[in-house]
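**Student:** Residue numbers (this note's numbering), protein chains in the order written: chain A, 543 to 810; chain B, 1370 to 1444.
Just so you know, these hints were derived from the structure itself, not from any lab.
Just so you know, not all the hints are guaranteed correct.
[Stated by the list, open to error] Listed below are the simulated DSSO-like cross-link pairs for lysine-lysine, each with C-alpha atoms no more than 30 Å apart in a straight line:
# : chain 1 : residue 1 : chain 2 : residue 2
1 : A       : Lys-751   : A       : Lys-780
2 : B       : Lys-1435  : A       : Lys-751
3 : B       : Lys-1397  : A       : Lys-574
4 : B       : Lys-1397  : A       : Lys-569
5 : B       : Lys-1425  : A       : Lys-569
6 : B       : Lys-1395  : A       : Lys-569
7 : A       : Lys-574   : B       : Lys-1395
[Stated by the list, open to error] Calculated from the model, a selection of chain B residues having no Cβ within reach of chain A, i.e. all distances over 12 Å:
#  : residue
8  : Met-1370
9  : Tyr-1373
10 : Met-1384
11 : Val-1387
12 : Leu-1393
13 : Thr-1401
14 : Glu-1403
15 : Glu-1421
16 : Gly-1423
17 : Val-1429
Quick caveat, the model's predicted, so the values are computed rather than measured.
In this text, a Cβ means the ideal position worked out from N, Cα and C, and glycines have one as well.
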Amino acid sequence: MDYTEEQIQRYSRHFLLQDVGVEGQEKISNGKVLIVGAGGLGAPAALYLAAAGVGTIGIIDGDVVDYSNLQRQVIHFTADVNKPKVISAKEKINQLNPDVNVVTYQELLTSYNALDIIKDYDFLIDGTDNFPVKFLINDACVLAGKPFSHGGILRFDGQTMTYVPGSACYRCVFVSPPPPNAVPTCSQAGVLGAIAGMLGTIQAAEALKYLTGVGELLTNRLLIFDAKKMTFRTVNVKHNPNCPVDGDHPTVTQLVDYEQAACELKKH
Amino acid sequence: MATYRLDITKEHCPMTFVKTKIELSKLKTGDTLEVLLTEGEPLENVPRSATEQGFKVLSVTETEVKGIHRVIIEK
């Protein structure tokens, strides 16, 4: 690939890295990442992936921008209120980096459309705020053999892990969703906006590591941080032979839509 | 084994090594790149960075033009 002078400058800090270089940047440029949810996690992830020059970024979200989003969903601006989030996000990505092809899906990810949508992507970022879709993303990725980054935030806490085929999946660790309404709603629980940036940015870094093959992914480890004390720890997790979706005797063999409380945000 | 040439005398850090790396990426193993650069920061950093990143710096010599140096790097 021949780079323009503008691209050479744009990606110069990647070219300089021994582990990325010209070859790694070409892998990033050829990469296709789907971001599920253009919210607190998806916003920083989308911005960093766009800045990095990921060739195709898909964004799926059925919501419109609300004033209550602006405290943490940094890809959306005040003037975007009432605009579909995928349109708002696409506009910012295009402004940040016109090299990126943005594909928008203004809808919810469901058991009906998930496999068809994810088949075009190399890596997924779970930027959702509710358990039913987190389990749906996990099951769809396991069934389709797609790597993804799980992420969740609440109050001052965040957690994330990366799945690649063969590693521990989200269900290996958290077997099934909690009952609907067993957890506080997001408006009751609250979240410090900046931790969305912390976690979504970790997820973007995992996507870039996957695309370039650099380093060791956050597989078979759950990273948990507490921003109040600013402590980070990783808990080793392993593939669960009794896992309902990728265990020895799977019971989840097709996608299901779990019943969902209006606005679940409680993490496990 | 082919030899390629690159003039980065008008570039500044870090574009000096960025341009060098991009040119090196087009070479085959064993090919050499002749880089013209200025003394000071480029002369200090480009050969060092090339060595750190696994390339072989074969020679560093001053050209007929004062302050312009020729660095030969093998991929």
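**Student:** With reference to the structure, classify each hint as holding or not holding.
**Tutor:** Quick rundown of the hints versus the structure:
no.: 1; hint: A:Lys-751 <-> A:Lys-780; in the structure: 21 Å, holds
no.: 2; hint: B:Lys-1435 <-> A:Lys-751; in the structure: 44 Å, violated
no.: 3; hint: B:Lys-1397 <-> A:Lys-574; in the structure: 28 Å, holds
no.: 4; hint: B:Lys-1397 <-> A:Lys-569; in the structure: 19 Å, holds
no.: 5; hint: B:Lys-1425 <-> A:Lys-569; in the structure: 25 Å, holds
no.: 6; hint: B:Lys-1395 <-> A:Lys-569; in the structure: 16 Å, holds
no.: 7; hint: A:Lys-574 <-> B:Lys-1395; in the structure: 25 Å, holds
no.: 8; hint: Met-1370; in the structure: 20 Å, holds
no.: 9; hint: Tyr-1373; in the structure: 14 Å, holds
no.: 10; hint: Met-1384; in the structure: 6 Å, violated
no.: 11; hint: Val-1387; in the structure: 4 Å, violated
no.: 12; hint: Leu-1393; in the structure: 8 Å, violated
no.: 13; hint: Thr-1401; in the structure: 18 Å, holds
no.: 14; hint: Glu-1403; in the structure: 19 Å, holds
no.: 15; hint: Glu-1421; in the structure: 7 Å, violated
no.: 16; hint: Gly-1423; in the structure: 7 Å, violated
no.: 17; hint: Val-1429; in the structure: 21 Å, holds
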